[in-house]
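Chains as they are written, first to last, in numbering that gives the first Met the number 0: chain C, 0 to 330; chain B, 0 to 296; chain W, 0 to 349.
By construction, these hints were calculated from the structure, which means they are not laboratory data. Certain hints may be false.
Said to hold, decoys possible - SDA-like, lysine to any residue: derived pairs with alpha carbons at most 20 angstroms apart: (1) W:Lys30 / B:Thr24; (2) W:Lys100 / B:Arg206; (3) C:Lys24 / B:Thr24; (4) W:Lys100 / B:Arg134.
All values derive from a computational prediction rather than experimental measurement.
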Amino acid sequence: MNSPANNDILVNINNLNVTFTAGRKPVRAVDGVNLQIRRGEVVALIGESGSGKSVTLRSILKLHPARKTIMQGSIEVDGKDVLRMTPAELADFRGSMASMIFQEPLLALDPVYTVGDQIIEAIRRHENIDKAAAHARALEMFERVRIPSPERRLAAYPHEMSGGMRQRAMISLALATHPKLLLADEPTTALDATVQIQILLLLRELQRELGLSVVFVTHDIGAAVEVADRIAVMYAGRIVEEGPVRTLIREPQHPYTQALLRSVAHGSFTKGSRLDTIPGSPPDLANLPAGCVFADRCQRAGDECRQTAPDETWITPDHRARCFKLEVVTA
Amino acid sequence: MLNVTVDPKKVPALVFERSPGYWETVLRRLLRDPVAIGAGIVILILFILAVFGQHIAPADPYASSIMKRLKPIGFEGHPLGTDELGRDMLSRLIVGAKLSLFMGITPVVLAFVIGSTIGIVAGYAGGLINSMIMRTIDIFYAFPSVLLAIALSGVLGAGITNSLISLTIVFIPPIARVAESVTTQIRGRDFVEAARASGANALTIVRVHVLGNVLGPIFVYATSLIAVSMILASGLSFLGLGVKPPEPEWGLMLNTLRTAIYVQPWIAALPGVMIFITSIAFNLLSDGLRSAMEIKN
Amino acid sequence: MTTTLTQAKDVGGPAQPLLSVRGLVKHFPLKKDLLGRSTGVVRAVDDISFDVFKGETLGVVGESGCGKSTTARLLMNLIERNSGEIVFDAQTVGSASLSLKDFRRQAQMVFQDSYASLNPRLTIEDSIAFAPQVHGVDKKSAIDRARDLLARVGLEPKRFAERYPHELSGGQRQRVNIARALALQPRLIVLDEAVSALDKSVEAQVLNLLLDLKDEFGLTYVFISHDLNVVRYISDRVMVMYLGQVVEIGDSETMFNNPLHPYTKALLSSVPSLDPDDRTETPPLTGDPPNPINPPSGCRFHTRCAHAQQICKEKMPSLELQADGQTVACLMHVPSSGYKMQSKTEPATA
Chain C
0 MNSPANNDIL
10 VNINNLNVTF
20 TAGRKPVRAV
30 DGVNLQIRRG
40 EVVALIGESG
50 SGKSVTLRSI
60 LKLHPARKTI
70 MQGSIEVDGK
80 DVLRMTPAEL
90 ADFRGSMASM
100 IFQEPLLALD
110 PVYTVGDQII
120 EAIRRHENID
130 KAAAHARALE
140 MFERVRIPSP
150 ERRLAAYPHE
160 MSGGMRQRAM
170 ISLALATHPK
180 LLLADEPTTA
190 LDATVQIQIL
200 LLLRELQREL
210 GLSVVFVTHD
220 IGAAVEVADR
230 IAVMYAGRIV
240 EEGPVRTLIR
250 EPQHPYTQAL
260 LRSVAHGSFT
270 KGSRLDTIPG
280 SPPDLANLPA
290 GCVFADRCQR
300 AGDECRQTAP
310 DETWITPDHR
320 ARCFKLEVVT
330 A
Chain B
0 MLNVTVDPKK
10 VPALVFERSP
20 GYWETVLRRL
30 LRDPVAIGAG
40 IVILILFILA
50 VFGQHIAPAD
60 PYASSIMKRL
70 KPIGFEGHPL
80 GTDELGRDML
90 SRLIVGAKLS
100 LFMGITPVVL
110 AFVIGSTIGI
120 VAGYAGGLIN
130 SMIMRTIDIF
140 YAFPSVLLAI
150 ALSGVLGAGI
160 TNSLISLTIV
170 FIPPIARVAE
180 SVTTQIRGRD
190 FVEAARASGA
200 NALTIVRVHV
210 LGNVLGPIFV
220 YATSLIAVSM
230 ILASGLSFLG
240 LGVKPPEPEW
250 GLMLNTLRTA
260 IYVQPWIAAL
270 PGVMIFITSI
280 AFNLLSDGLR
290 SAMEIKN
Chain W
0 MTTTLTQAKD
10 VGGPAQPLLS
20 VRGLVKHFPL
30 KKDLLGRSTG
40 VVRAVDDISF
50 DVFKGETLGV
60 VGESGCGKST
70 TARLLMNLIE
80 RNSGEIVFDA
90 QTVGSASLSL
100 KDFRRQAQMV
110 FQDSYASLNP
120 RLTIEDSIAF
130 APQVHGVDKK
140 SAIDRARDLL
150 ARVGLEPKRF
160 AERYPHELSG
170 GQRQRVNIAR
180 ALALQPRLIV
190 LDEAVSALDK
200 SVEAQVLNLL
210 LDLKDEFGLT
220 YVFISHDLNV
230 VRYISDRVMV
240 MYLGQVVEIG
250 DSETMFNNPL
260 HPYTKALLSS
270 VPSLDPDDRT
280 ETPPLTGDPP
290 NPINPPSGCR
300 FHTRCAHAQQ
310 ICKEKMPSLE
320 LQADGQTVAC
330 LMHVPSSGYK
340 MQSKTEPATA
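Make the full structure from the sequences, and use the hints.
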């Protein structure tokens, strides 16, 4: 693996497999995922529904129900493997080392407590400080996330806040315990356009100020480009391409990434022409094909693609893709 | 150009089978639930007792004998003993199933039909009509069911028909409430809006779109009321407002065996045990049905 | 019993707008307090007027609280309007010349939630065949037509006709909803966030389908969406709504290249950049879209507008036609409004 000095890497996901056993057939949601996130780096996981991006994210906090999930591989955060932590270690880990923000704040915030109370409770669960000090921290967080009249808003209930405000409150709840890693699961998808851009910029600003590492899951490539240093593209549970944001957007190599980018840039299309679509639909995760997961929708697919799943090919030291038919000379 | 059909070779053969309808899926799920099956078997046995009771019973449930009063369980010729008039308990319990089940199920069936109609009309109409209907229903709903049943029976008089009527009236409000609530939810769904947008009138929409979606949940709720109905009917008989002696009915038997509780406590408890078993069986089946109907995609 | 339905004849001629909306108002009352007095109203749609021309796609954009979904339901007569009129091809809906039922045959809607739009107890073909049967088509013909439409939208009838909604994917369900909307041979289809819940690659397929069907059946679309890129791609004209009012309408390309209303400008620049070297630095607007319960006085956007002046708080701008053919409701673009222009061109951003 072409990686820099090891203490620079905060998260090391190694050969992660996640299989859900609840239904009639086991569903392989994540298949052989390798990903590294450095300190202070923002990595965006993009993909469509069923790509496994949310499942990967939730695995980092080990949020899947233990009985119905089989997880293999390792997820090392700051040296400790999350998948092998005891429940006590996990409770410690969640919040103080890593926290998460979600698409729908109303689901993450408790409706019967004020947001201020929830933040104070979160802080005091991980640190031994008194209520007044915790309150001051909460106030500081609210100011940081640009909530107007922060003192008054601390005493508000979640349903009394507007969508954008709630999202900011959720962000301050997540950051109040000073985690090193922030996991964001489609945090701006449900927001209006003018609010979305504010939250994206806020996340970028906070990340720079606090030196956070961020894993940002989204299906919106534009949002990913605004915040990420690197982008990993997922399809049917695998990372099919990963690299710095400029490289991925300007010179994508994997056929799926290329097709995805083509179908998004609506603005530059001539009126009346038809969009370039990817024929077919994503595979059934309970019935994955033997070869490359994208083969039956790929224009370049050959026999080799249908029989064997491609390994990672390193195009440059920091850009990789899983494909037999890359049209570029590899490093 | 429209390249959306998937290569048939890649599609598992399953795809070309006829897809099971909703109720078929519910039935299959129910049959995989051991508790529901157990409850179902118990109910089936009870129904057999109800229908064929006279032929199954070893002795004449009406034949009394002063000599053989309150004989204990295991007495020769009377496996479950005899009651205060010397009649065979086993036979009376078996034959009693008919009346007890009848008194328990009939009011719920009638209330289901009437209550659903009221509730669906109120739920679909909305607005003022809904308020008028539901507030009237609420007046009845405010009374505890036992009190209401007794009061109505008192007004109508004793006897089987009258207690059926009073029990039906007791169950109409809760069923109507559930029906209204479910109908209101369905009415707000996009597919009902789409049906309105296609120009269909209210009756057609209710028939095609609403009924199929609401009758299920209402039915599940109604089955959970059967147990209550049995107990209330037994209670009415116990109080002398329902079935009259010498008819065998479990609630009535509990009443007449009251005084025997010091002499033969086990025998006095037997009719109660039957009521208990039946109630639990219906409750468990109703639970199983509700779980089977919660089909998530 | 008829066996087929044909598309209704054109009445007003090509110059007549297919849909004309004037002064449309819808206020929703808030919960009443104990004494039965209403505590306020939500001014969801507050006096809007616009036309939809035959054969065009009118895009409608705006954020939460702007009233676009309410407008869609008002257009379809699914909710009662408080005032205003809706004229369909020169005929008033509900009048002697055009009954509500006849109107319903000519205007159909596709909703955002593909699953909630289909009755889970009916098979796909039954769902599609329902509307024709309501209008007198016999069952067998209606089912045949349903199967034909399924094929037209790219779903093989043999595989899909007898399935239930939960067995289909989101994209497939939305195709079913489109087929269902086509079943009555309408002239107008209102698409309310119809592709918003779909994955990008599926969305592209459905958009292509919509364009093909529009050509084949001679349809007119009202396309409501929050995704500006999609709206730009598919629309001929675009209408921008803010807090229950229309702030700008005009040709799509012209508007995207040169938005006139400050809100339109802010909205368009809120779209995330796809260029890693040209990232957005400052958000074009701060705060959340306000509540339609107590809208600001005068121009509703003045509280967040960088160009607002005192006159904007007092005077409500109305839609005015501009030189380039666009229509905008902003005092800045009306010379006689009392708005003080700082120079001949637009004032600099504050």
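For each hint, the structure was consulted:
Among the hinted pairs, Lys30 (chain W) with Thr24 (chain B) is inconsistent with the structure: their alpha-carbon atoms are about 41 angstroms apart, more than 20 angstroms. Between Lys100 (chain W) and Arg206 (chain B) the CA atoms are separated by roughly 19 angstroms; this keeps the pair inside 20 angstroms, and the hint holds. Note on Lys24 (chain C) and Thr24 (chain B): the hinted pairing holds, with a Cα-Cα distance of about 18 angstroms set against a maximum of 20 angstroms. Restraint check for Lys100 (chain W) and Arg134 (chain B): the C-alpha separation of about 34 angstroms exceeds 20 angstroms, so the hint is violated.
In this structure, the earlier hints numbered 1 and 4 are contradicted, and the remaining ones agree with it.
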